[in-house]
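Which chain is which? The protein sequence lines are A and B, in order.
If you count the first sequence from 1, position 12 lands on -1 in the working numbering, and the numbers rise without skipping.
If you count the second sequence from 1, position 133 lands on 120 in the working numbering, and the numbers rise without skipping.
Check the hints yourself; a few may be wrong.
Stated by the list, open to error - Within a straight-line C-alpha distance of at most 30 Å, the following computed DSS-like cross-link-like pairs (lysine-lysine) qualify: (1) B:Lys135 x A:Lys107; (2) B:Lys28 x A:Lys135; (3) A:Lys106 x B:Lys28; (4) B:Lys107 x A:Lys28; (5) A:Lys28 x B:Lys28; (6) B:Lys106 x A:Lys46; (7) A:Lys119 x B:Lys107; (8) A:Lys132 x B:Lys135; (9) B:Lys52 x A:Lys28; (10) A:Lys46 x B:Lys55; (11) A:Lys0 x B:Lys5; (12) A:Lys0 x B:Lys52; (13) A:Lys97 x B:Lys106; (14) B:Lys28 x B:Lys5; (15) B:Lys0 x A:Lys132; (16) A:Lys132 x B:Lys107; (17) B:Lys(-11) x A:Lys0; (18) B:Lys106 x A:Lys49; (19) B:Lys52 x A:Lys5; (20) B:Lys132 x A:Lys46; (21) B:Lys135 x A:Lys0; (22) B:Lys135 x A:Lys28; (23) A:Lys28 x B:Lys55.
Claimed, not checked - Using C-beta positions, here's what the derived DEER-type ranges look like: (24) B:Phe129 x A:Leu4: 43 to 53 Å; (25) A:Gln20 x B:Asn127: 35 to 45 Å; (26) A:Gln96 x B:Leu4: 35 to 45 Å; (27) B:Leu4 x A:Ile112: 49 to 59 Å; (28) A:Ser94 x B:Leu90: 28 to 38 Å; (29) B:Asn127 x A:Lys97: 44 to 54 Å; (30) A:Lys97 x B:Leu90: 15 to 25 Å; (31) B:Leu1 x A:Ser53: 19 to 29 Å; (32) B:Lys18 x A:Ser(-10): 47 to 57 Å; (33) B:Leu32 x A:Leu4: 37 to 47 Å; (34) A:Arg130 x B:Arg17: 32 to 42 Å; (35) B:Leu90 x A:Thr93: 25 to 35 Å.
What the hints contain is simulated information worked out from the structure, not anything from laboratory work.
Keep in mind that this is a model prediction, so the values were computed, not measured.
Just so it is clear, CB atoms sit at the ideal spot from N, CA and C, and this is done for glycine as well.
Protein chains: 2
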Amino acid sequence: MKSFMEIAFSEAKLAFLKDEVPVGALIADRKGQIFAKTRNKNRELNDPTAHAEILAIRKTCKELKSNKLFGYSIYVTLQPCEMCLHAILNARISRLYYGASDLENTSLQKVYNTISKNKKFNIEIYSGINEKKCSDLLINFFRTKRIKS
Amino acid sequence: MKSFMEIAFSEAKLAFLKDEVPVGALIADRKGQIFAKTRNKNRELNDPTAHAEILAIRKTCKELKSNKLFGYSIYVTLQPCEMCLHAILNARISRLYYGASDLENTSLQKVYNTISKNKKFNIEIYSGINEKKCSDLLINFFRTKRIKS
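Given the sequences, and given the hints that come with them, work out the whole structure.
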């Protein structure tokens, strides 16, 4: 059986095929029921907010008819950007698991440090899940882009 | 004729009437053509990402069939939160005008300081437009909430 991160990775691969930045996400409840598996759709939807995480949150909240996701977990193949991280916090998601880290973005790392030290943000964060696979997909995507341009 | 912030304020008042946190937004191009006027719809849409700014960006990008809004301005009655500020930056909006400041959120003020010092973020930010009016509406809203609870 595929792990949640592997399912999110399949979504990221689909995004790659559609010429979108290859990031996938999945939201599941405590019992392991999946509520959303989504991929980045910035170009497809002409929407700069259509990152995989935002789409997953919107889908899950719509289904649950709630704008709070206490107890839910989100799996993302890439460390969420500032916008998505704060969407995850706004949605009160309890656990964030991500694959590749966005180490080039040093200000993002500072935000994560602040959040992990501040008890106001009631979230557990786990990094490096299937990291190499998730990271390689992104590296390949941007390499292809550079060759094309 | 109403100013752009006054139109955004009318949206905020509508949000108040619908029992949503009263924040309104408007996006216009260089020539002053309005592309979106929106209000916070977290409860109505069961969507924690449905802040006025995100809805305005999504609407404008959809209309323009573009996920970048170079040269556009956004007017918001309340200082955008971290999620919305980064959505505005992701959308490459050129100018942000806001009314009330969210002074209680000290970490947010630090984010704004960092952004205004970093030339990578090519955005002009203007605060305090119709500040008292925008702020009073929010204060009244939360006062009503406290009385009810």
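Hints, verified against the model:
no.	hint	in the structure
1	B:Lys135 x A:Lys107	holds, 25 Å
2	B:Lys28 x A:Lys135	violated, 41 Å
3	A:Lys106 x B:Lys28	holds, 28 Å
4	B:Lys107 x A:Lys28	holds, 24 Å
5	A:Lys28 x B:Lys28	holds, 22 Å
6	B:Lys106 x A:Lys46	violated, 35 Å
7	A:Lys119 x B:Lys107	holds, 29 Å
8	A:Lys132 x B:Lys135	violated, 55 Å
9	B:Lys52 x A:Lys28	holds, 13 Å
10	A:Lys46 x B:Lys55	holds, 24 Å
11	A:Lys0 x B:Lys5	violated, 41 Å
12	A:Lys0 x B:Lys52	holds, 24 Å
13	A:Lys97 x B:Lys106	holds, 19 Å
14	B:Lys28 x B:Lys5	holds, 9 Å
15	B:Lys0 x A:Lys132	violated, 46 Å
16	A:Lys132 x B:Lys107	holds, 22 Å
17	B:Lys(-11) x A:Lys0	violated, 48 Å
18	B:Lys106 x A:Lys49	violated, 38 Å
19	B:Lys52 x A:Lys5	holds, 17 Å
20	B:Lys132 x A:Lys46	holds, 28 Å
21	B:Lys135 x A:Lys0	violated, 49 Å
22	B:Lys135 x A:Lys28	violated, 41 Å
23	A:Lys28 x B:Lys55	holds, 14 Å
24	B:Phe129 x A:Leu4: 43 to 53 Å	holds, 47 Å
25	A:Gln20 x B:Asn127: 35 to 45 Å	holds, 41 Å
26	A:Gln96 x B:Leu4: 35 to 45 Å	holds, 42 Å
27	B:Leu4 x A:Ile112: 49 to 59 Å	violated, 38 Å
28	A:Ser94 x B:Leu90: 28 to 38 Å	violated, 22 Å
29	B:Asn127 x A:Lys97: 44 to 54 Å	violated, 36 Å
30	A:Lys97 x B:Leu90: 15 to 25 Å	holds, 22 Å
31	B:Leu1 x A:Ser53: 19 to 29 Å	holds, 23 Å
32	B:Lys18 x A:Ser(-10): 47 to 57 Å	holds, 52 Å
33	B:Leu32 x A:Leu4: 37 to 47 Å	violated, 30 Å
34	A:Arg130 x B:Arg17: 32 to 42 Å	holds, 37 Å
35	B:Leu90 x A:Thr93: 25 to 35 Å	holds, 27 Å
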